[in-house]
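Q: When you get a sec, could you build the whole thing from the sequences and use the hints?
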Amino acid sequence: MDTVWARDPTEGFILGRISELLVEGAEVIPINPKFQRRVLPFSDIFKAQEDDKDKDYDDNCEMVFLNEGSLLNNIRIRYYQNKIYTYVANILIAVNPYKDIPQLYSAPTIKNYQGKSLGQMPPHVFAVADKAFRDMKVLKQSQSIIVSGESGAGKTESTKHLLKYLCVNWGAQAGPIEQKILDANPVLEAFGNAKTTRNNNSSRFGKFMEVHFDKSLHVAGGHISHYLLEKSRICSPQGDERSYHIFYMMMAGAPESLRKQLGLTKPDDYNYLKTGCTRYFTSSANEKKLSAGQKSADHAKSGPLRDILLDDVEDFTTLDGALSRLGLSDADRLQIYTTVAAVLHLGNIEFEDNPEDTRGGCRVSPSKAKALDIASSLLGIDATELRQALESRVMQSSRGGIKGTVIMVPLKVYEANNARDALAKAIYSNLFDYIVNRINQSIPFQASSSYYIGVLDIAGFEFFTVNSFEQFCINYCNEKLQQFFNEVILKFEQELYRREGLSVPEVSFVDNQDCIDLIETKNHGILNILDEESKLPKPAYNHFTSEIHKHWANEYRIALPRSSKLKSHRSLRDDEGFLIRHFAGAVCYQTKQFLDKNNDALHASLEGIVQDSKNKLIQTLFATSNAQKGKLTFISVGNKFKTQLLELMEKLRKNGTNFIRCIKPNNKMIDGQFDGALSLMQLKCLGMTSVLELMEHGYPSRAPFADLYNMYKDYLPPELKKLEPKIFCEAMLHSLKLRDKDFKFGVSRVFFRPGKFAEFDKIMKSDPENLKAIVADVKKFLVKSRWLKAQFCALTVIKLKNKIIYRKRALIVVQKTVRGYLTRKKYGPRIKVLSKIKNLNGNLKKMEAIAGQLKKEKESTTNDINKLKNEIVATMDKIKKDGKIQPSAIDALYAQIVAKVDNQMDSLQKKLLAQKNAEEQARLRKIQEEMEREKKRKEEEERRLKEEEENRRKKAEMEAKRKLEEEQRRKQEEADRREAERLQAEQAKEALDERRYQERLEQERQDHELALRLAQESNGQIEESPPMIRNGGMDSARQSFKLNRSEAVKNQQAALAKGKYDLSKWKYSELRDTINTSCDIELLEACRHEFHRRLKVYHAWKAKNRKRTIMDENERAPRSVMESAARTPKLQQKAPILDNNSQRYFRIPFVRPGGDNSKRGWWYAHFDGQYVARQIELHPEKPPILLVAGKDDMQMCELSLEETGLTRKRGAEILENEFNKEWEKHGGGKYVRPADRKQ
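Sequential numbering from 104 applies to the sequence shown in our numbering.
Please note that a few of the clues may not be correct.
[To be verified] Keeping only pairs whose Cα atoms sit at most 30 Å apart, straight-line, the calculated DSSO-like set for lysine-lysine is:
hint : residue 1 : residue 2
1    : Lys695    : Lys745
2    : Lys1312   : Lys1049
3    : Lys904    : Lys847
4    : Lys1038   : Lys1049
[Claimed, not checked] Pairwise CB distance ranges (calculated):
hint : residue 1 : residue 2 : range
5    : Gln776    : Lys363    : 28 to 34 Å
6    : Met224    : Asn645    : 56 to 62 Å
7    : Gln1119   : Met1297   : 41 to 47 Å
8    : Gly430    : Thr368    : 28 to 34 Å
9    : Val850    : Arg673    : 54 to 60 Å
10   : Pro1286   : Ile907    : 44 to 50 Å
11   : Thr212    : Asp343    : 32 to 38 Å
12   : Gly430    : Gly775    : 27 to 33 Å
In case anyone wonders, no lab produced these hints; they're calculated from the structure. Every value quoted in this text rests on a predicted model; they were computed, and no experiment measured them. All C-beta atoms in this analysis are idealised placements derived from N, C-alpha and C, irrespective of residue type, glycine included.
A: Next comes the structure, spelled out in structure tokens:
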């Protein structure tokens, strides 16, 4: 049977073949024997291309079958060929190769892509950058490139290559600005990137990097906006993760003198680093440069970390050079390094309980006094003041005693630790802001700059065993970006198609607005509840969590931790966390640190001492006070991020948009390994499968008629300016030799199919030379059209000339005929007599024939006839040669000859009569036999007339029966209409419930895959939730979401449950064998119903997965029958109108898809009860096709007689003998009804 892609939990999809059609789907046998056969629903099975399974495509829209399996297979094939880029229409998919591919990003490659349209060159990140520039130039609109994907998918590297391409091609005129924009990347990576378990160079902040262009479209400057630096990483990296690269780069790559000056040794010596990974990234050569005093114990034992992009020793030199080129002096750079070192020393300050403090305060541990001195020295703060600010906090009374009295409140050990960490985070966070600001100052752009291209690189969707406030904000951002993608690519695109009148099938997608509302809505959004909790006198994370569950008790998107599939999450109490079902899967958040991380303000004591620092950089960092002046007025981190995000989304909506979707091929971060299930999960979360479905019929490029016309108007000659914009566009497209299927005209614009970007870009190029060239092509096309018309006129004149010649020849024929007539009139008498004499030859031949019949005197009779012949010849010669002979003489000669011929004839006839009398008896016997034959013929004719009369009577009865059935249907129409309205309402509700059910099934699958990945990373366990049922709740711990089924469905299910035969576990082949062999009529009928139900499901799946190049290539019945079935309302009949045991025969005409309407064929069908038993297709130019149920079911009509509507077609029903006549005529075998089978 069909070759298909079957879903697989490890490979994503595997190739297989359908072997059985079952109740729950189909049984698939994998082609690779290492996989086991499986039973899958049709939603997990997709058609595969049997030939060229290993062929790869630059654009996935070029594939024969556009589905998840083909998409994953194409990306897998290309990945192993080092082709890491591919398109879905104009969206780029980039797979991280985890290795260096030679010449992929070289200078010649950059040059090759400049000015090239999508599709002209192999897919590449450079092609997207070039498209963004050309769109900005032509459309006069700023552009955004959104780079998205999981951590480790290669977003940061893609961003660097985009910026490099823009600066190299259009930054030469900008001088040092070009280099400064490129230098921003290593600086931002050093201070904002870190090693995580999933990515060695993970960006722990988001950035939107703008490259601005002047009026000449050269780089004029840039600007960087950054979002949500992960401050918790500064103080507490865990396990195999590191803190920010800058700490390790300074200890590994800074000169020894600078390290001594700043008191830097090795990572093991710092509390903020030793809890995580303490090994450096180095190459083999640079590893030798490290002294023993720089290496941690783990580094000395296990060796360095390896990554083709990272080297802590070399990267410090690169960083220092980049900062220098960005305009930071030696003193500025030293201040930055000093501040970074101060953060590390600050983390080494430890506290212990103060036995002398009666109020339970703490003090700096004496053993850590040196760390306090170094930190205070580097920060330019008095050590005593720093000690006091860390051990206590200042409070000002508002009542009781003298108002405004300053009170020193001692801090407990954990409060002092929190204050120290808050100061370290504030210093590093403000330093990061300062560095970004200095970069922006070094790449300024004029306010008059025309447009910009912005590249968005923000942390991808994150999920860990422990997820906190940072993951919550990151995933909130990704929800907004996913919604933006859905709007731009799916929602707005389909709305545009509908407005423009393009018949593009609708593609459904999951709208995540409810998840966004859950987070950001003003009334009870999680961020709002978090801010309200922070304003309480004694905020508590337990109360905050309980409030969330209270306000969103009935929301599907949020659940209790116990509903997580990961075992470690189920140990959390209800007030310790919550689970959100994101678009990419369910994530369980622990809320213990939400309140602290949402408030990044220092208390007044610490704020005051850093503002009074002698270090100018520290003063600059805290010039704008962010101290907490009151709980009711503070601006939270979440609220600030929400505002930044809204501004970013507004920017993106104003710009043209380009998407790059980055894919992580495996979790081990190694090259040459492709995890199909992991990649498929990312493709689905990134919306690529939905886009692929839309692009099967979509038009990714478009341009308004008016805009195109106005672009060319100034270059048009007067005769072309008179054209309507739409007509001009049509002429222009035809001049480019585009086929009709490559584009389509809407109401106000022209649309282009995927793969036609080169032609679209050629039209949209706004440079004068290109415009003039296209106008010339249009003129050439119009001249060609007119020339074709002139040729047609010339051919018409030639035809007229040929007609004149024909008439001339006809006149000559007329003249010839008249002359002949005059001649015949003059010589008529002779000719007439000669003709009569010649006619006597016939009599002579008769005499010869009679003589031949004679049995006696045959020879003498023959001699007499020969003499008579000689006399006739002599008479004719005399008439011909005697020119003066009179007509009377001619008549006399003729009379003599005639008399002799008559006498001779009489003599012969008398002789013959005597002979015939002897043969009379024989002749009479023959006549008698002829009469008997005639009698039989008349009897046969009477029988035929009676048979025709009987056929007419049967047809009249069939027509009466049809009318009776039609009358019965009409009587039920009113009741059925009301029933249909009721059912329609129920079905609409049922469809909505079904859609929710399917969406939640998909959510469950994503949640399971996410939990499985976490379990593999953390060696945890998965506990499966009870299977989700349609009539059960999703989260029984807190809510009971129930999908109510309609009464009709319930009744149908009850009827099936009470049925005599349970066929749900029967195989397709077993059903077919039973139909062909069983003598049990009830069992046979039940099998036929189940058999055809499965056929309908299979053919519906096959129609959905058909080839794009051939439409309806395997029609199993005429289109009119299939359309009638589609229109037939699915109502339960109150009484059976059609007899399930009747034998009925039908014939209707049809035309094959794409065929000539004048060449019509005939379709015959024999229905045994409700289903087709035999089927004939008579094609005008093909051999007849005869099909029999039980043998050719896949090619036969699967519809029931009631569904086909054939009984309602006048003249469609025929007699049994008419069908059998055609059946036997074309070699059909004898048919035995199931009821006639012998027991």
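Q: Each of the hints needs a verdict: does it hold here or not?
A: Comparing the hints with the structure gives:
This hinted pair checks out: Lys695 and Lys745 have alpha carbons roughly 21 Å apart, not beyond 30 Å. With a CA separation close to 28 Å, the supplied pair Lys1312 and Lys1049 stays within the 30 Å bound. For the given pair, Lys904 sits about 43 Å from Lys847 by alpha-carbon distance, which is inconsistent with the 30 Å threshold. Distance hint between Lys1038 and Lys1049 is fulfilled; the C-alpha atoms sit about 17 Å from each other, no more than 30 Å.
Checked against the hint of 28 to 34 Å, the C-beta distance between Gln776 and Lys363 comes to roughly 44 Å, which is inconsistent with it. At roughly 58 Å, the beta carbons of Met224 and Asn645 sit within the given window of 56 to 62 Å. Between Gln1119 and Met1297 the Cβ separation comes to about 42 Å, which falls inside the hinted range of 41 to 47 Å. Between Gly430 and Thr368 the beta carbons are some 31 Å apart, a value that agrees with the proposed interval 28 to 34 Å.
The supplied range of 54 to 60 Å is met by Val850 and Arg673, whose beta-carbon atoms lie about 56 Å from each other. Taken as a hint, the range 44 to 50 Å holds for the pair Pro1286 and Ile907, whose Cβ atoms sit roughly 49 Å apart. Distance hint check for Thr212 and Asp343: the Cβ-Cβ separation is about 35 Å, which falls inside the suggested range of 32 to 38 Å. Taken as a hint, the range 27 to 33 Å is violated for the pair Gly430 and Gly775, whose Cβ atoms sit roughly 43 Å apart.
Hint compliance for this structure: hints 3, 5 and 12 are not met, and every other hint is.
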